[in-house]
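Novice: In case you want the letters, here they are:
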Amino acid sequence: MRDAVLTLEIARAKSARGVRHRRFVDRSATTLLWCAALAVLALLTLFVGYILYLGAPAISWQFLTSPPSEVSAGGGIGPEIYNSFYILGLTLLFTVPVAVAAGIYLQEYARPGAFRTLVQFSAESLATVPSIVMGLFGLLVFVYLLRWRFSAIGGALTLTILNLPALMRVTQEALFSVPQTYREASMALGATRWGTIWRIVLPSAVGALTTGVILIAGRIFGETAALIYTAGVSVAAGKGAYDLNPFRPAETLAVHVWYTHAESVVPDVARIGNGSALVLLVMVLLFNVVARIVGRSLTRRFTGR
Amino acid sequence: MQLIEAQESTGLKMDVRDLNVFYGSFHAIKDANLRVTEQMVTALIGPSGCGKTTFLRALNRMHDLTPGANVTGTVSLDGTNIYDSSVDPVVVRHRVGMVFQRANPFPKSIFENVVYGPKIHGERNRDALLSCAEKSLRRAALWDEVKDRLFRSALDLSGGQQQRLCIARVLAVEPEVILMDEPASALDPIATSKIEDLIGELKKDYTVVIVTHSMQQAARISDITAFFLLGDLIEVGTTSEIFTRPKDRRTEDYITGRYG
Chain A
1 MRDAVLTLEI
11 ARAKSARGVR
21 HRRFVDRSAT
31 TLLWCAALAV
41 LALLTLFVGY
51 ILYLGAPAIS
61 WQFLTSPPSE
71 VSAGGGIGPE
81 IYNSFYILGL
91 TLLFTVPVAV
101 AAGIYLQEYA
111 RPGAFRTLVQ
121 FSAESLATVP
131 SIVMGLFGLL
141 VFVYLLRWRF
151 SAIGGALTLT
161 ILNLPALMRV
171 TQEALFSVPQ
181 TYREASMALG
191 ATRWGTIWRI
201 VLPSAVGALT
211 TGVILIAGRI
221 FGETAALIYT
231 AGVSVAAGKG
241 AYDLNPFRPA
251 ETLAVHVWYT
261 HAESVVPDVA
271 RIGNGSALVL
281 LVMVLLFNVV
291 ARIVGRSLTR
301 RFTGR
Chain B
306 MQLIEAQEST
316 GLKMDVRDLN
326 VFYGSFHAIK
336 DANLRVTEQM
346 VTALIGPSGC
356 GKTTFLRALN
366 RMHDLTPGAN
376 VTGTVSLDGT
386 NIYDSSVDPV
396 VVRHRVGMVF
406 QRANPFPKSI
416 FENVVYGPKI
426 HGERNRDALL
436 SCAEKSLRRA
446 ALWDEVKDRL
456 FRSALDLSGG
466 QQQRLCIARV
476 LAVEPEVILM
486 DEPASALDPI
496 ATSKIEDLIG
506 ELKKDYTVVI
516 VTHSMQQAAR
526 ISDITAFFLL
536 GDLIEVGTTS
546 EIFTRPKDRR
556 TEDYITGRYG
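Line order of the protein sequences matches chains A and B.
Counting from 1, one number per residue, gives the positions in the first sequence under our numbering.
Counting from 306, one number per residue, gives the positions in the second sequence under our numbering.
Hint data in this document are derived by calculation from the structure and do not stem from the laboratory.
Hints are all accurate, no fakes.
FRET-style restraints, in silico, Cβ to Cβ:
no., chain 1, residue 1, chain 2, residue 2, range
1, A, GLY113, B, VAL392, 22 to 30 Å
2, B, ASP369, A, PRO97, 24 to 32 Å
3, A, PHE302, B, HIS426, 15 to 23 Å
To give an idea of the interface, some chain A residues facing chain B are shown, with a C-beta separation under 8 Å as derived from the structure:
no., residue
4, PRO112
5, ALA188
6, THR192
7, SER204
Cβ atoms here follow ideal geometry from the backbone N, Cα and C, with glycine treated the same way.
Make a model of the complete structure from these sequences and hints.
Specialist: Written out as structure tokens, the structure is:
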């Protein structure tokens with residue numbers, strides 16, 4: 001009985017109508033998927049185009065270099081650009097060593113068990129904390145408890161906690177993609193575990209790792225909510241705005257975009273907002289492009305290809 | 306020639322006693338005993354999944370790297386049990402090298418691949434490394450094919466060349482025993498015969514243990530053959546004995562083609 005049904009099915013599939021039907025389904029699926037891909041591309045183009053259209057008139061050398069203004073029109077974003085890079089650098093300085101080391105431990109050393117599960121679970125939980133909540137945590141700890149007031153270092157540490165899980169994940173993925181056969185070959189030649197990681201695993205993973213770090217750098221660069229209550233919404237007056245001291249308020253570009261729209265009383269809010277948004281966007285896009293180029297060239301360099 | 310006679314004519318290199326290997330609760334090798342003779346080729350044969358690779362990997366403590374694997378029994382190398390707690394597995398692997406089923410060169414230049422071992426064992430002198438690379442590549446019968454492109458990526462070599470590079474890489478650390486896990490199974494007949502010729506050369510200076518699924522290969526290159534079935538080491542003998550007068554019914558069934 002079952003065989004008879006099956007034979008019927010096969011006969012139907014082989015018939016001209018069956019073939020036509022399947023070809024139709026195949027083509028529809030292809031078209032649908034292609035449309036979805038196109039939609040993503042179109043959205044990005046539209047978005048970038050619109051920001052460019054609004055922001056371009058605001059961009060000038062004077063706008064990019066002069067300090068912001070609290071009351072009158074004509075303020076720039078010089079210190080904000082500086083602060084964005086400053087906090088980015090500081091955050092990476094804290095995040096990269098810890099996240100990469102933890103990632104190496106989890107992927108290369110830890111045996112499956114309670115401890116590894118606990119660390120993994122903690123990291124995943126940490127990764128789901130909304131950035132505004134992390135910002136309030138930073139406010140309580142760095143601003144009030146440690147009495148640092150609004151400071152670049154408080155902001156950077158808050159961003160460190162925020163991005164640690166993601167970078168740890170990136171490290172694990174990068175190490176995971178290194179074939180196990182490399183490790184076995186190295187160990188079979190009498191290398192230690194650390195020797196194998198240092199000479200074989202990390203060089204093979206460095207491209208993926210660098211790409212991950214730079215992509216996360218882009219996220220840090222654009223982070224806003226976690227910084228409002230930690231690094232603050234103001235910059236020091238005059239030359240002090242470009243200080244190297246981490247214990248000073250340091251409003252970043254992304255925070256400035258939010259601040260001008262939400263709180264500021266200057267008459268040219270729209271100009272400053274649009275100009276800043278464009279600068280921010282260009283920077284983040286640059287990070288993405290640089291990530292690809294650097295990642296690829298490092299891979300080539302370390303693997304002799 | 307009888308097995309005992311053959312083994313006594315040279316020295317005993319490795320002595321495996323009551324070896325058991327478990328993967329979790331799976332009992333992969335059951336009470337295996339094998340004596341590995343110096344300067345001879347010992348072949349491990351048997352159907353897929355019989356434990357021959359598992360047995361081989363126990364000989365240089367590669368199971369240490371597999372989570373959940375557990376080894377009991379003793380494996381002596383020149384009289385010292387390599388599973389003794391005072392023995393450093395890194396030193397064991399320095400003395401007992403391994404060539405894998407699939408050629409696995411590092412994504413580095415040919416030169417860097419060959420001198421990887423000497424480098425991790427502390428050799429820094431570039432001239433010494435260069436001469437070591439040449440010597441090892443010559444021994445692996447690869448020098449003439451790669452001498453003009455030592456600093457190009459090893460991944461651009463053919464499969465057979467990559468496997469000979471892996472052998473050169475093992476020779477560069479000057480091991481005493483070389484373990485080979487089906488080193489020619491992914492290669493074409495010409496590359497295979499090159500590897501087989503090479504193994505014939507190597508046994509003059511080294512002790513070789515090779516896993517192979519090809520009985521013809523075992524018959525061609527080995528002096529001693531051990532037959533595994535479902536985790537049991539069924540029979541060991543000189544290769545001619547095993548292939549002409551097997552003692553065990555199951556060995557006979559296998560070599561006459563009645564098992565997979």
